[in-house]
Amino acid sequence: MFQYDETMRNFFQHYKFQGDYLLRKVFQDQFVNFIQKILKENELIVPVPVDESTMTSRGFNQVTGLIEGLDWKDVLINQRSNDSLHQFQRSRRERLQQDSSFILKSGCDISGEHILLVDDIYTTGATLRQARTTLLRNGATQVRSVTLCR
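Just so we're aligned: 169 in this note's numbering is position 84 of the sequence shown, and the numbers increase by one with no gaps anywhere.
Note that these hints are calculated values from the structure, not bench results.
Straight-line alpha carbon distances no greater than 16 Å define the calculated EDC-like cross-link-like pairs of lysine to aspartate or glutamate that follow:
id : residue 1 : residue 2
1  : Lys122    : Asp156
2  : Lys110    : Glu153
3  : Lys158    : Asp194
4  : Lys190    : Glu137
Label pairs and their calculated CB-CB ranges:
id : residue 1 : residue 2 : range
5  : Asn95     : Ser191    : 32 to 40 Å
6  : Thr218    : Gln121    : 21 to 29 Å
7  : Gly154    : Thr226    : 24 to 32 Å
8  : Thr226    : Gly104    : 34 to 42 Å
9  : Gln115    : Asp156    : 17 to 25 Å
Ideal Cβ placement from N, Cα and C applies to all residues, glycine included.
Make a model of the complete structure from these sequences and hints.
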């Protein structure tokens with residue numbers, strides 16, 4: 086929807102990294118409306134999850150905050166280890182070479198599903214590619230993605 090520029094960098098600095106959860110409302114309605122317009126019939130919305138340590142320290146998933154009000158399914162686990170770097174701490178090269186940290190949640194059946202994968206920021210695309218690969222390997226038929234900014 087938006088270009089990742091200095092204004093968006095400042096927004097995410099406060100929203101994600103300083104934990105100002107109320108800031109989600111700045112773009113929430115626009116993002117939800119945009120997703121509703123591009124969502125295909127019978128397409129499943131899947132947000133990119135944060136890892137356990139991020140959830141513990143931040144207290145929220147910035148992606149699910151931005152899509153509040155939509156029906157989405159929590160099917161992925163981000164099993165990034167506590168001692169590994171976050172994507173924003175890696176170089177472009179490191180992001181592109183990184184193995185996937187995503188797995189499918191136990192008991193989730195996505196066989197034959199068409200999925201709209203949602204994330205907040207697209208930089209190198211590594212996160213979306215890793216999540217897409219996990220979803221396709223576990224039976225999804227099609228995976229498209231959308232981000233708030235790139």
